[in-house]
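55 is the number that our numbering gives to position 55 of the sequence shown; each next residue is one higher, with no gaps.
Heads up, some of the hints might be wrong.
Derived DEER-like restraints, expressed as beta-carbon distance ranges [stated by the list, open to error]:
1) Ala128 with Gly61: 27 to 37 angstroms
2) Pro71 with Gly124: 37 to 47 angstroms
3) Ala128 with Ser45: 11 to 21 angstroms
The set of hints was computed from the structure by calculation and includes no laboratory data. Just so you know, even glycine gets a beta-carbon here, dropped at the ideal spot from N, CA and C.
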Amino acid sequence: KTITVSESDIDLTIEKSSISFSPASPKEGDQITINAAISNLGEGSANNVKVAFYLNDPQSGGTLIGSGNIPAISGRSAADISITWNSTGYAGRNDIYVIVDPQNLICDASRLNNQNYQALVVLGNSGADLSISTSGIQIAPAQPNAGEQAVVSATVYNGGTQDAVDVPVNGASLAEFNE
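Model the full structure from these sequences, guided by the hints.
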């Protein structure tokens, strides 16, 4: 009996730089699109390519957060696949793993390049965090005379992760601005 062993002409791969997120700087609760560009470095065409997305390393208990199927990837080309992930409850650093052909159904020249990950930082919901600095306050005229009306304007900064809407603004005396 003769057994012929031939090298596969398919080589599926996922590069770290081929994993991207939209929005790139999400806030907790955002729906995040995770995109992966899967390449076929070989000459042959790969059909029905399954791709799995995990939160954290699947070999260390990571959680499957989505999967999809690419109908075909021709030789020396690439194809994109995306899933949507709800980031509610995942503030902080999240390692998103992408595994190409997770069940090893395709005869692939190398399995060493079928997995990669990219870190995604999800901002926590700290709410609105409003502040005014003295450099953001303008008075016109700059030195009003006694009894003269002055217009005070201020730039309000939001350092939080949520929008501030319908924020009440209360007046203050000029003495408070001079403190």
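Evaluation of the provided hints:
1. Ala128 with Gly61: 27 to 37 angstroms: 36 angstroms, holds
2. Pro71 with Gly124: 37 to 47 angstroms: Holds - the Cβ-Cβ distance for Pro71 and Gly124, about 39 angstroms, lies within 37 to 47 angstroms.
3. Ala128 with Ser45: 11 to 21 angstroms: 52 angstroms, violated
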